[in-house]
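Engineer: Chains A and B, in that order, give the protein sequences. Per the working numbering, the first sequence runs over residues 1002 to 1613. Per the working numbering, the second sequence runs over residues 1002 to 1613.
Fair warning: there could be bad hints in the mix.
A pair holds if it fits inside one copy or across any two, identical chains being indistinguishable in the list.
Stated by the list, open to error - Think about it this way: if two alpha-carbon atoms lie no more than 30 Å apart in a straight line, the pair counts; the simulated BS3-like pairs of lysine-lysine are:
no., residue 1, residue 2
1, Lys1584, Lys1278
2, Lys1278, Lys1100
3, Lys1037, Lys1196
4, Lys1004, Lys1196
5, Lys1153, Lys1375
By construction, these hints were calculated from the structure, which means they are not laboratory data.
There are 2 protein chains.
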Amino acid sequence: MKKYESIPFYEIRIDGGFWQKRQKVNREVTMPSVLKQFTDTGRFAALRCAWRDGMPNKPHIFYDSDVAKWIESVAYALEQGPMPELEMAAEKAIDEIEKHQCADGYINSYFTGVEPSMRWKRRWAHELYCAGHLMEAAVAWYHATGRDRFLKIMCRYADYIEKVFREEGSAAFTTPGHEEIELALVRLYYATGEKRYLELSKFFIDHRGSSPLDWEENEWARRYNQSHVPAREQTTAEGHSVRACYYYSGMADIAREYGDAELEAACERLFDNIAEKRMYVTGGIGSSTYGEAFTIDYDLPSEIAYTETCAAIALCFFARRMLLLNPKRKYADAIERALYNGFLSGVSLDGREFFYTNPLEITLAHHFEHPSYKEREWLPDMQRVEVFSCSCCPPNVTRLIASVGDYIYTQDTDMVYMHQYIAHNAQIGSGSIHVSTDYPANGSIEITAQGLLGKTLALRIPGWCRDFTLSVPYVMKEGYAFVTLSDETKIVLNLDMPAYLVKANAKVADASGKAALMRGPVVYCLEGVDNAFPITGAAVCAPLQAKVLDNCELGLPMIETTGTVPADTEAAPLYSPLDTLPKDVPLRFIPYYAFANRGESDMRVWLPIQRS
Amino acid sequence: MKKYESIPFYEIRIDGGFWQKRQKVNREVTMPSVLKQFTDTGRFAALRCAWRDGMPNKPHIFYDSDVAKWIESVAYALEQGPMPELEMAAEKAIDEIEKHQCADGYINSYFTGVEPSMRWKRRWAHELYCAGHLMEAAVAWYHATGRDRFLKIMCRYADYIEKVFREEGSAAFTTPGHEEIELALVRLYYATGEKRYLELSKFFIDHRGSSPLDWEENEWARRYNQSHVPAREQTTAEGHSVRACYYYSGMADIAREYGDAELEAACERLFDNIAEKRMYVTGGIGSSTYGEAFTIDYDLPSEIAYTETCAAIALCFFARRMLLLNPKRKYADAIERALYNGFLSGVSLDGREFFYTNPLEITLAHHFEHPSYKEREWLPDMQRVEVFSCSCCPPNVTRLIASVGDYIYTQDTDMVYMHQYIAHNAQIGSGSIHVSTDYPANGSIEITAQGLLGKTLALRIPGWCRDFTLSVPYVMKEGYAFVTLSDETKIVLNLDMPAYLVKANAKVADASGKAALMRGPVVYCLEGVDNAFPITGAAVCAPLQAKVLDNCELGLPMIETTGTVPADTEAAPLYSPLDTLPKDVPLRFIPYYAFANRGESDMRVWLPIQRS
């Protein structure tokens, strides 16, 4: 099996365009804001293992993972420049982690501080999940700072985990209830070269779904954490969608490291099931609130969409690893779809607030308080908030934005694949690539490759793109344009980027007879606040007549199209003859990721089609 | 205050047309079928008060009401012809009721047989509700058979209730948790002339919402059974919609009997709130499953519509009483809307099965079993059933169909109002009116009035009707055509009855941008089974081009219109460019009341509008 390599984000400087702005807000606003929220809610204090009954802010079993992801984010931001205050806060947290590591290597502020007798007793209790996040943080911290204290702490913990799970089998379970450690151990192996960590990851992958210790009577419970069948027999994406994609990421890592074709095939099957049948047009996954889970093929309800921000992130993790197995465009397309839509909607434009869930439709009239009313308790929140009790998403957002450069490339010895179009400067061996672009504001991408003579640059022509020009000779193959590089090659790629309407497969009931507006990879939505009439009854005219506006206050242009709304929206009888047809109106769309940044509003991604 | 009188159904013989067929199925199929179901489930056995722990079919607190409504139905059917078997079964039930009436007059098979110590202790426990239904049954039985045994039993019980509630105030509550006795006592007064029963009804009306004994801390609970404010201060329809309309019916009765203008004004306010803001286009009311309740103005969701069959019936009861206060067309319009739509959908075409809830939209794809799925637990059933554990609806359906003649007329000394167009022969004093019509299959109504010289016949021109012809001179006033009768007057009324589209007020979110197809008073729906393509994405073309088909298998003609559906419904990628516009197709609509008679199917009342 051929192995591809990543060009890690720290070899890449994002020096302009869409993501530079996002990274700036991430560094300057979001990360300090998350620090404050996590401090205020006791997440950092919890590390001191000093909580006692009667004190406020009782630690939660997964607080360690929140802090860990935040430290990981700081590490990533440090790669891009100093942040002394945040660095200090992270070091202080690491001090506490070090101080409260048990003699045997165990680390968990909740179990050490609150329920020491329950260590390794409850599969669902997130111990290995927290351990995994701490490992990822430690690896990142080591790379960013060169200081190996945290890494050594986590190696001791990993060694202890190996002893408990592989050697003794002394825990009450064999594999974690919430996956994460599998992919983290692979990263720990990469950072240390210690193959036992890779083997331990493989151990968790191999035993999931087959260990009698982990068996649960209830089918829902088995499926919820992907333990219903062993890894290599998995065919459909099931259960909690974040757990699922963390797991599949670990599976893909192990497939790659061990050249395990059966495991790779399972990964591709699972990816295809998601991308072809269980993914929102926004790249969101996990349609059901109940269990934050996948349900069945084509069940993608718009208004009660769950689509946790972390799930879109987890899909990016998974797809990135699939690209390292096999650089197929579909993986990069899915990453792009999630990045610009269902992931980015998870954080407010000002960087301070977060969505846990990301619906595709909001009807204000369905949200009301009334004593005789409970049917819509499943409706997602309409506004982002600064912190949730379960705040996995905020530090997951910060670490992905800070490391978004990771998604640009994969390479092997003679080929460099450019999967995402982000303005940057990359060091590639002794050569470099510079990309200048405002993508996805427009489709013009200027690439300069230097010192890469003899290599081939494979440029992804996105699945959404129907027309493009390339200023140099190329060969098209499976969605990539292959360009042979000279010592210095200047390339101008122009992806034609008109607004367009998409439809969903007819089995997606909530999109049936409807269309969504996109431009490039960006899904648009209609929000009440931009339109002078109620949008609940709006339809979009097709064939599309769209005007891309100059207005870029929301980060990307708004788009105006022709649509229709009911002719009279004023006071009318409850029911009356339809004497007036829907009237033409301009509809003003905004990028989906920007919805709910200007107060509560009706919102639609999918709109009925009015033939014009 | 002027008082109008009813012309009761037993003065009327329905001798053709739409309702004769329904009454035949009601007599021959539905009533025997309900008898069997109620026998099999122990509802008749419960009257023996012999249930003991460990026996099957534990009696329920409201079983007496189920049996009572069934007896009432038999009485009504007996008025139209002998039914010896059913009459015998009713008499046997009355035997048991008589046998288990307590010495003090109390009757309740549940409390007498199962929890004797809890008599009058729990306001919610339906004792007075059951009493009311037994009174209604006794009044009906007396009229139909001339035998006064049951009536006397119920008078003894009413006397005892008067003692407990008015004289002693010895119950744990002042007014019933579930209204019904208020209107029943008025009927008992009409049957016996005993004014104390009318006064007792007024007592319950007057004390509701003001008795400290009935006060509940929880606002929801107070509103649920309309005890949040006293009758005369009520402004909006609140809480359990069946309770509400039974209560409002009693209020209207008391307003009429006492000439209580303040109470009448409250009734009209409540009616207007329902008819102008809280009623489905089908005449269904009570949009929320939670509490089977009204919610807020314009909250009329289609797919999770609750709209209990009994609530549509209760609305008919209420509106009929409003007509006796003031013969305004709006009341008759509401009755007609409910009768032909949200009421009639409650029973299958074959008369054997019942809906408790009557949704306006079914999307099969939303109904699936999956372990990770609970969000749609509020979705109504898609198929009717023979019996529910809470089977209030079936015998309510049978009694309304058997007495539908009650809704045709109101009169005063010199004026006869004809509100509904039903083929019949009515005895009116020494005169008669004969109506021959297939309405609502078409709008042609032939009326012959004999022996009514000097009277004026007021013919309702329905609110939906935009054009009509009348073969005799008339004066139009407030929706009625007034015709002066000679000794014999032959009248042909032709209500123009094209298919037409209606819209809802823009605040009805689920109907926004959509239209419903109607013809006359009949709401139509699109059902998957009649169409060669999935209807989930269907839109209806406007202006409407409709063809009324000959096919009357469902009781009324089907209607074919032009509509559109997505062009390709075959295998397609999950998302793809919208390259083909929705294509024209014929849409075949059926009367809404007939939906779900041919298996589970997608169904729509409201459809997006495609401009043609």
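Engineer: Does each hint hold? Answer for all of them.
Structural biologist: Okay, the hints, checked on the actual structure:
no. : hint                 : verdict
1   : Lys1584 with Lys1278 : between (35 Å within a copy, 25 Å between copies)
2   : Lys1278 with Lys1100 : neither (48 Å within a copy, 65 Å between copies)
3   : Lys1037 with Lys1196 : neither (38 Å within a copy, 74 Å between copies)
4   : Lys1004 with Lys1196 : within (18 Å within a copy, 95 Å between copies)
5   : Lys1153 with Lys1375 : neither (51 Å within a copy, 45 Å between copies)
Checked against the numbered hints above, the structure violates hints 2, 3, 5; every other hint is satisfied.
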